[in-house]
Amino acid sequence: MTGKGLKHAIFVVSLVMLLSVSVHGCMNAGDIFKTKKVVRVSATIDEVPLGEDTIPQITAVDAGVGEISLLKYPKDIPPNLPGVYVHVIYTNHRIDYWTSVPYTGPGDYEITVGLRALPPDGSEVRVIIAVNNEDGDRIAMNTTNIVI
Numbered sequence: 001m002t003g004k005g006l007k008h009a010i011f012v013v014s015l016v017m018l019l020s021v022s023v024h025g026c027m028n029a030g031d032i033f034k035t036k037k038v039v040r041v042s043a044t045i046d047e048v049p050l051g052e053d054t055i056p057q058i059t060a061v062d063a064g065v066g067e068i069s070l071l072k073y074p075k076d077i078p079p080n081l082p083g084v085y086v087h088v089i090y091t092n093h094r095i096d097y098w099t100s101v102p103y104t105g106p107g108d109y110e111i112t113v114g115l116r117a118l119p120p121d122g123s124e125v126r127v128i129i130a131v132n133n134e135d136g137d138r139i140a141m142n143t144t145n146i147v148i
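The sequence shown runs 1 to 148 under this note's numbering.
These are computed hints drawn from the structure, not numbers from a lab.
All figures in this text were calculated on a predicted structure; none of them were measured in a lab.
It is possible that some hints are incorrect.
[Unchecked claim] Computed cross-link-like contacts, PhoX-like style, restricted to lysine-lysine with a CA-CA straight-line distance of at most 25 Å:
{"no.": "1", "residue 1": "K37", "residue 2": "K72"}
{"no.": "2", "residue 1": "K36", "residue 2": "K75"}
{"no.": "3", "residue 1": "K34", "residue 2": "K75"}
{"no.": "4", "residue 1": "K75", "residue 2": "K37"}
{"no.": "5", "residue 1": "K72", "residue 2": "K34"}
{"no.": "6", "residue 1": "K36", "residue 2": "K72"}
[As the list claims (entries may be wrong)] Computed beta-carbon distance windows for the label pairs:
{"no.": "7", "residue 1": "L50", "residue 2": "T104", "range": "16 to 26 Å"}
{"no.": "8", "residue 1": "E134", "residue 2": "D76", "range": "16 to 26 Å"}
{"no.": "9", "residue 1": "G51", "residue 2": "M141", "range": "18 to 28 Å"}
{"no.": "10", "residue 1": "N92", "residue 2": "G64", "range": "20 to 30 Å"}
{"no.": "11", "residue 1": "L6", "residue 2": "G66", "range": "55 to 65 Å"}
Ideal placement from N, C-alpha and C gives every residue a C-beta, glycine not left out.
Use the sequences and the hints to build the structure in full.
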């Protein structure tokens, strides 16, 4: 092998090694199969009269724990105004990623909430569901407790 060919081979091997190290640091092939706990919330929202207007009322809440692939795991979602928001509280601290969906009127809303921190198995957490108006003011709220 000539000097020029040897330099080229060393360069190519170095480039391949650098690329494989950087790819390994960015994505672990095992992450495709890993899952993490989430809170799944189903809420029914009706509207009730208030003077000449109507306001939302959260009439039914069902929450539970599920698992979801790390590749699809929900993280902070930009606020929606008006919107339906979910917070998960453990020992007086929020442990959820910011989660909201647009409020479009009465109906059923399904929301999956990612957790920043996982409490110990068997811990009870409070799930708060709220409707905020265009100004960000809370206009309806309901809560439930679940065991994680």
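Status of the hints after comparison with the structure:
1. K37 / K72: holds (12 Å)
2. K36 / K75: holds (12 Å)
3. K34 / K75: holds (16 Å)
4. K75 / K37: holds (12 Å)
5. K72 / K34: holds (11 Å)
6. K36 / K72: With a Cα-Cα distance of about 10 Å, the restraint between K36 and K72 holds, given a limit of 25 Å.
7. L50 / T104: 16 to 26 Å: Once the Cβ atoms are compared, 19 Å apart, the range 16 to 26 Å for T104 and L50 holds.
8. E134 / D76: 16 to 26 Å: The hint (16 to 26 Å, Cβ to Cβ) holds, given that E134 and D76 are roughly 21 Å apart.
9. G51 / M141: 18 to 28 Å: The hinted range 18 to 28 Å holds for G51 and M141, with Cβ atoms some 20 Å apart.
10. N92 / G64: 20 to 30 Å: Distance hint for N92, G64 holds at roughly 22 Å.
11. L6 / G66: 55 to 65 Å: holds (56 Å)
Violated hints for the displayed structure: none, as all numbered hints are satisfied.
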